[in-house]
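Engineer: So the protein sequences, as listed, match chains B and D. Going by the numbering used here, the first sequence opens with residue 84, and the numbers climb by one from there. Going by the numbering used here, the second sequence opens with residue -19, and the numbers climb by one from there.
Derived from the structure by calculation, the hints contain no laboratory data. We put the beta carbon where it would ideally sit given N, CA and C, even for glycine. Relax, there's no trap hidden among the hints.
Here are the simulated lysine-lysine pairs, DSBU-like style, with alpha carbons at most 35 Å apart: (1) K89/D x K373/B; (2) K255/B x K11/D; (3) K373/B x K300/D.
Chain D is faced by these chain B residues, among others (derived, beta-carbon under 7 Å): (4) V184; (5) Y194; (6) Y199; (7) G211; (8) G212; (9) P215; (10) I360.
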Amino acid sequence: MFKLFKRNRRTTSEYIFDNVNLLIMLFICAITVYPIWYVVVNSLNDGIDAMKGGIYWWPREFTLANYKAVFETPGIVTSFGVTIAKTVIGTITHVFFTAMVAYAISRRDLYGRNFYMLVGVITMFFSGGLIPYFLLIRDLGLFDNFLVYIIPTMFNFFHLIIFVSFFRELPKSLEEAAKIDGANDFMIFIKVIIPLSMPVIATIALFQGVYQWNDYFAGVIFVNNPDLQPIQTYLYKVVAESSSNQMMTNAAGTIATKTVTSQSIKLATMVVTTLPIMLVYPFLQKYFVKGMLIGSVKG
Amino acid sequence: MEVKIQQPVEQPINDTITETSTKKEKFKKIKKTIISQKYLQFMALLGLVWMFIFNYIPMYGLIIAFKEYSIIRTISEAPWVGLMQFKEFLQDENFWIVLKNTLGISMIKLIIGFPLPIIFALMLNELTSMKFKKAVQTISYLPHFISWVVLGGILTTWLADIGVINDILLGLGLISERTNFLAEPDNFWAIVILSDIWKELGWSAIIYLAAIAGVSPELYESSTIDGANRFQKMWHVTLPSIRPTITILFILAVSGVLNSNFDQILILRNSLNESASNVIDIYVYQMGLQNARYSYATAVGLLKAIIAFILLLSANKITKKLNGTSLF
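Only chain D is shown next, with the shape it has when bound in the complex:
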């Protein structure tokens, strides 16, 4: 519309006429393209609408972290409180507990859980029988498809005072009386980390196995000619070849350090192990959904997301400097 109104005013200058007319033509052309692909545009637009509702409205909803939102008011009506919610969290007695549990579990998971799938993939690759290798793979992927609820049911059964773990430890003489392991905070981290490894070891190895399969056979042939044995090949050929894969997954693992496995911990925690099981995600869930402190819980979640994003960027930068591989 504006173009049309401006046209007569700027008529004396020849250049502008051609410019506006080409602009007009361009606009016409775009309109024509869109109309000619109206079905296609509509299909894409439906996706856009879905993302707008389910991804972008919650992003807008993050502003309640800077407000005092309550159920009786709408988000825009709620009064601004600045950084009050963040300050409250940093001063809360739960802050250090939550931070300790989140970082503690994640760090140990990173140190133990990250290299294990790599080692597992390397060992699988060394198996001489192809049939046996396939069988081990199939079995090791299986737990990935069992839900955390069912695994939680297995764990509560096994770790109960009349459960299998007690039977074994008593039989070996490692403990003198039966205990319910999930009722003791001291055992919680170990339970979470070990059960996570049990569930995901095989599945996480898939990507390394694919990377190993992609290593050029010529490299192995030439190292054989150089007289390398199998261990040397593993160390000097296989590992360096899959280093880019390892690096990318490491960056992702580091950025996920504040992500505890919510599904897992929600089902394994109880009031007795709370001092070891209260992690950021659980805290957000409790504060926000159980105590209805929406603004406070959103602020905690937002703080976590910001730190996670910074971690992602720094891990990316560090690995880029160190070995030239990076996510972006």
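With the rest of the complex left out, here is chain B:
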């Protein structure tokens, strides 16, 4: 008995390890959160004042003018509209279309199932690369077209595999009952399969939603019309092409105060861009993790 008790107690080296481990973990959390905090604090500070630097923990001259400027710059508002539209429409079409194909392929009685699978698996290993893809999108007439955000992202074979493995686990009795009632396969998919598959639909919708929200590249290479560029593309242009001066004059035209700088608007835009994800993330984290695990095990 005495021996067992002693073993459960921590030795000196274990004690040191536990405390060092705790400190390292706290450090990792701090350096993860702090850069985000820094942006938030600076975006809430007077722009001219922030140029002096030194704002680390709390705004020195608190103001909401930067956020006001963001929502009064027409280009930014339009871009947010595009992002919201492409995230909502793109995610719904993606989930519906991929799940539909996945349901057909998940059915063991589907004639030619192995052929369909093979065609898909090949796409996991080989692709045409950037330039042929670019030429295809051009030939399809998707340049400067809102559908460029929707149609080319409508399907994803990795997501299909996640769907298929989920559908396989569903009880067959409901499908059979629906069939006896005279429902066709498409109606079975709509009326029986979709309501039963909400957990996997949530997971895939979250992945695709984050992808749609964060993607900037399609807007950079396929879209010239500023009215069709998503907010991430807008931010990309501000950050990478340092067109921030132009942004400043845009903003200055709409807002009377002189306390807003291009930098402070940039920070506020970054916060507004990231906020929706930050807000939903803690509640939906488990779906993300689940999806990541299914995807990596099956893929």
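Let chain B serve as the given structure and place chain D on it in line with the hints.
Structural biologist: The following block gives chain D in isolation, referenced to the frame of chain B:
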């Protein structure tokens, strides 16, 4: 149709009649199956059409790597030039720069960035408070969901001459005057690698954490009876148990060595750090989309894909020989 025409000619031989008739029957049966599942077939077919357009047409488009394609001609009209585009790339002065940057960044990322999530997962697993562990996990996954554009915005702010990094280094007396770090090629690799680790450390650890959670508790119990302490358990039980996971992810990491993080580098590069930031993917983007040298850029991309595929196969073979785990 052919079956029908042949039938009368081969009539004398009895065997063939039954064979063709069973073939016919089989065909009829297939037709019947397909018709009975017409909705299902249509649903699958839509996916097939999508893949044909968005995956297979670009694969066909790869042939322009062996042609001199220009915007005024169609792909099939463009003249064949054989391996000219590939030769041109190998002789180009940018070839060595691009190769050095791509391999340099990827190799360091592999050496430092690959083991870190494993170590992080092991350390997380040793935390005694479950609540604290959950909190650390939640926080560490967060940066994965921030886009590279926003992170690029944070980095350009932090690394600017009036930014936080300069404040810290000046305060510590490590530098004597303010510099814009992104304007200097010497710092670029470090910035890319560290920011990538910052963003993905927690998220990459998920899969290892799941693998660790799957280790049988009996193994730990029996090692406790054998008198193993926590470090010995970590080394002799946990690590060997998650070795298959590590191996698979290592194979994937090796095959991705030529993939630089395009989204990341596109936003962090500028004309001043070009000598350190020009990697294969960026080069393809610049040559193909900005200079409209479609055939040349496609050839560069294709060469990269071929080497990546060879790397995947060899990493798979080597790990299969060494410890019996492989991807396929």
